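Visitor: Let the sequences and hints guide you as you build the complete structure.
Okay, here's what each chain looks like letter by letter:
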Amino acid sequence: MNRFLELLKTGPISGFRLRTKLLLLALTTLALPWAGCQYAREMETVLRESEQQSLLAVTTTIAGSLKGRNELLFRADSLSGSEDSNPRDITPVVLAGVPLIDGRADEWDSNARNLVRVAGPGGDSLRLLAATHERWLYLALLVRDDRWIFDASEINPLNPETLGDRVWLAFDDKRGGQQRVFFGSTGPGAVHARRIETQEYGREEAVEETRIQAMWQRSRDGWVLEIGIPMSMVGQHLGVLIDDRDRRGARRNSYGTLESSDLRATGRLIAASPDLNDHLRQFSQPGVELTVTASSGAVLTRLDAPALPGDYTRMRGFLPRMYRVFLDGGAIPRSVSQADRERAQQDLIERAAKGAPATALFSGRYENSVIVAAAAPILAADGKHVVGVIQLAQTADRWLTLRDQALTRLLNLTLFVTLFAVGAAFWFAGRMTLRISRLGAASETALSREGSLSRVLPESEARDELGDLSRSFSSLLGRLDEYTGYLRTLAGKLAHEIRTPLTIIRSSLENLESEAQSSGGMGENARVYVARAREGSERLGAILTAMGAATRVEEAIAHSERQRFDLAALVRATVEAYGTAFPHRRFVCEVPAEAIEMNGAPELVVQMLDKLVDNAVDFSPDGATISVSLQANETEVGISVANPGPPLPPEADTKLFESLWQSRAEGDTPQGRQRPHFGLGLYIVRLIAEFHGGSARATNLPDNSGAVISVRLTR
Amino acid sequence: MKKTIAIVEDERAIRDNYAAAFSREGYAVRGYPNRREAMSAFAARLPDLAVIDISLEDEPEGGFELCRELRGLSAELPIIFLTARDSELDAVSGLRLGADDFLTKDLSLAHLIARVNALFRRVDALRRPPEEKQVIHRGALSLDGERMSVTWNGQVVLLSLTEFWIVYALTKHPGHVKNRQQLMDAANVVLDDNTITSHIKRIRRKFQVVDENFDAVHTVYGMGYRWVE
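Residue numbers (numbering that gives the first Met the number 0), protein chains in the order written: chain A, 0 to 714; chain B, 0 to 228.
Everything labelled a hint here was simulated from the structure, so no lab data went into it.
Keep in mind it's a predicted model, so treat the numbers as computed, not measured.
Hints may be right or wrong, so weigh each one.
Dumping the calculated SDA-like pairs for lysine to any residue here, alpha-carbon to alpha-carbon at most 20 Å [stated by the list, open to error]:
1) LYS205(B) with LYS173(A)
2) LYS171(B) with GLU228(B)
3) LYS2(B) with ARG146(B)
4) LYS492(A) with ASP57(B)
5) LYS492(A) with ASP9(B)
6) LYS200(B) with GLN180(B)
7) LYS1(B) with ALA18(B)
8) LYS200(B) with GLU553(A)
9) LYS173(A) with ALA118(A)
10) LYS200(B) with ARG561(A)
11) LYS492(A) with GLU56(B)
12) LYS66(A) with ALA355(A)
13) LYS205(B) with GLU560(A)
14) LYS205(B) with ARG146(B)
15) LYS200(B) with GLU560(A)
16) LYS200(B) with LYS173(A)
17) LYS2(B) with SER73(B)
Guide: Here's what the structure looks like:
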C-alpha cells in the first residue's frame, strides 16, 4: 500500500494534472468490456461444448441404431468393410446429382480420395474413379496412353487380328457368378458393353449388354471411358482391365484391377446399402450433414451438406467485426483450404474408427464459418469390431450468432458506459480542478502584499472535503489576519514605544544645552557631540514619522469627504507650485484649457500629485524636464507624470505600487540618503487612486529614456 | 507667586526633564506618575496648568479620563495633552474633552515652553478687561491676540492653541497664501501635511458650527491656504 502511494506520488502519473489522472482512472473501466469478453468466451466455450455434446449424443444414437445392422450399412451383397482393405477396392463416392456420361473427365475430381491408380507398361497408367447416385454405379477410367488404337471396322470382335485397345469390366453377379464385359473401341463416342457368350457348338459370340452405358472420348494425354452400370447388376467384387495395344492386332499389354490371367475381379466394391439413406433420413435435421463411412474411412453416404452460414457471417459492420477479431483470438482454427478441411474431417473419422466417439471443430468453407463435427463408431453385432463411422457436422452459426449478439450488446453497452464514465470523470475532474484552482486562486490573493486579508473564500458552503479545506483555509487566514493585524499595528506600537525614549533623549539634550548656556556654555567638543546627538535623534524622529505615514494616509482616506472640484485648475496650480519647490527641475504641464469637474477629495489628489512628482524628481537628474499631463473623457480622467531617468526594472509594474517596495538602489538618488524612504510614495498614490475608483500603472518611455506613472481616476 | 504646572506622565525621565525645563523658566512643577495620584493632589489644590500624557501606567486612556475630571473641577484651567501618539483620532478626542492643545512629544522643549507661556498669557488676558488694540477685526471675525480668543459674528469660536495660531497667521495678511511650513512655524509645531490639512478642516468645522456658510479659509492647491474676507 505504501509502495503504491509512493508510486502515485513519484510514479509516472505524478506529473499529470488532476484532470488527466482522473481520466486515466476512468479508463480503467475499459476492464469492463475485457471482463465481458472473458465472460463471453466462457459462455461460448460452454455453448460450444454443449453443442458438441448434443451433436455427439445424436451421433451416438444413430451409431447405436446402426449397430450390428450390416445390411443397412452396406449393400446386402457387398462385403462388410471389416476385412482388411485391398488396394483394388473400389469405394464409390456418393454424388448429389446424376452425372452426365459424356466421356469427359472434367466433372470428376481426379484427386478424390477413392482414386485407384494402376501403372501400365511404358508410362501408361490408369486412374479409376467410382461414384454412385441413386441405384447406379458410375466409373471413370482416365487413361494415359500414347496411342489409342481402334478396332478394325466390321470385324469379328473376337478376332485378335482386328483388335485395338480394349477395356474389360468384370464383376460378381448376385448369384455368385462372374460377369465379364468388354468395351472395344471403334472411335470416340458411345460404346456398347459386350459380353462373350458361348453358343451352341462352342461358338463364341459377342452379345451387347444394353443395361450398361458408356462413352469413350479422347483426352489430353490419352482417353477417358465413362461407364454407368445399374447397381443391381453388381455383386461384391468389381474390377477393370485394360488391354493396351501399340497397333491393331499387336500383342496386348494388360493392366488394371482384374487378374489378367482369368479376368477375375478381386477388388471389392464397397458401397452403402440403398436403404441406408432411408434409414438415416429419419435422423437428418436441416443444416446437419450426416456422413457414414466404412471403417477404412471410405464414404458410404452423405446427407445434407451443411447449410450456408446464416446470421453469423451476415453480421457485418465495423464494431461486430472488430469485436470478433479480438474475441475469437485463435480458439478456432483459421485454415480454410479444402484440403485442410478434408484432413480435419479425416482425422476425426480415424479417431472414431478406433472405437471412441470424438468431436472436432474446424473452419468451414465460408469466411468466419465454423463447423462443429462429432463422429461415433458403428459397431458390428459383436459390439467389438468397428464396421463404420458416422459423422455429424453442422455450422456453428447458431451459437456464434448467439455469442456475437450477446457480445455486441454487451460491448456496445460497456463502451457506452465507459464513454459515459470517462465523460463523467472528465466533467468531475474539470469541476474539481476548477473548484480547487478557484480556491487556490482565492487563497493566493486572500493575503495581499499589504497584509490586508479577504476572508471570504469560495467553496466554504460546500459540504465535501473541499469545503473542509476551504473552511480550514478560512480559519488559517483568520489566524493569519490576526497576526498580520498584529504586525501592522506593530509598526505603530513600535513607533510609539520608540518615541518615548526618543523624547527622553531629546528633552535631555535640550535640558543639557539650556543648563550649559546658563552655566556659561559648554566646551567646543561637547557642543559638537550634542549637535550630533540632536541630529541623530531628529533622524530617528523622521524615521518614526515615515513609518506611520501609510497608516496616516489610510486614516486620512477613511475620513475624506468627496466634493466637486476642478481638477484642471488644481493640477495647473499644483504644478506651478512645484516649479518653486523644485528649482532644479523643469515642469511641463499639459492640461486642457477647459475645466474638468470631478468628484473626489482634492487634498488627496494633491497629495497624490506630490508623491508622483516626488518620485519623478527622485529619479531624474538635475535640470531634467518632468511633464505632467491630464486627459479626460466622459467617465474618467488620466494623470500621468513622466520623467527622464533610469528605466523601471521589469518586475516594477506590479510591485511598484506595493507598500515597502522600492527599486532605488542605495545612493541611486541624491535625496536617497537624506530622507528616510519606505517605498510608500507610490503605494500612497495607489491608495488614493483606488479611493477615486481608479488605478495606477507604471511604464517605461518608448525609448527607455525614462518612466511614466499613469493614474486613472473616475470622475 | 510662581505659577504651578502639573505634569502627569508615567515615564519618569520625561517627567523630570520637562520639570527641569519648566523650573528653569521659573515655574513651580509638580509631577505625578498616574491618574490616581494626580487626582488626589488636584482635589487638594489645583495647578495653574496641566500637561497630561494620554496613557498612564496601566490605563491606556487614563489621560482622557483625567482631563474630563479636571475639567469638572475647573473650566478655565489650561490643559495640554502631550503624547507619543500622533493619530488623528486621539487629537480629536483630546480636544473634544476640552483640552487647550494637543501636542506630540516630537515637539521641542522650547516650543512647549512657548505654548505654556502663551496659555498663561491667555489666562491672564482673560482675567483683564479686553483691550481693543489687541483685537484684529476681519469682517465678521474678531481675533484677540492677547486672550487668544476668536469670535465670528460676535459668537465665540473655541479653538485650540494650535488652531488659534493658524487662524492668526492666516488673518494677519488676508489674501496672502500661507504655505504649510509657514503655518507650522506660526503654530510652533512640527506637523506633517496631513495634520495641517486636518487642522484646517477642524478650523473650518468649528467656524461652521457658528455659521453654516463660513467659507473664509481657501485651499490654494500646491501652495497652501489663505484667508478670504
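Visitor: Hint by hint, say whether it matches the structure.
Guide: Structure-based check of each hint:
| no. | hint | result |
| --- | --- | --- |
| 1 | LYS205(B) with LYS173(A) | violated (155 Å) |
| 2 | LYS171(B) with GLU228(B) | holds (12 Å) |
| 3 | LYS2(B) with ARG146(B) | holds (18 Å) |
| 4 | LYS492(A) with ASP57(B) | holds (16 Å) |
| 5 | LYS492(A) with ASP9(B) | holds (17 Å) |
| 6 | LYS200(B) with GLN180(B) | holds (17 Å) |
| 7 | LYS1(B) with ALA18(B) | holds (14 Å) |
| 8 | LYS200(B) with GLU553(A) | holds (17 Å) |
| 9 | LYS173(A) with ALA118(A) | violated (30 Å) |
| 10 | LYS200(B) with ARG561(A) | holds (13 Å) |
| 11 | LYS492(A) with GLU56(B) | holds (16 Å) |
| 12 | LYS66(A) with ALA355(A) | holds (14 Å) |
| 13 | LYS205(B) with GLU560(A) | holds (17 Å) |
| 14 | LYS205(B) with ARG146(B) | holds (18 Å) |
| 15 | LYS200(B) with GLU560(A) | holds (11 Å) |
| 16 | LYS200(B) with LYS173(A) | violated (149 Å) |
| 17 | LYS2(B) with SER73(B) | holds (16 Å) |
Hint violations for this structure: numbers 1, 9 and 16, all remaining hints satisfied.
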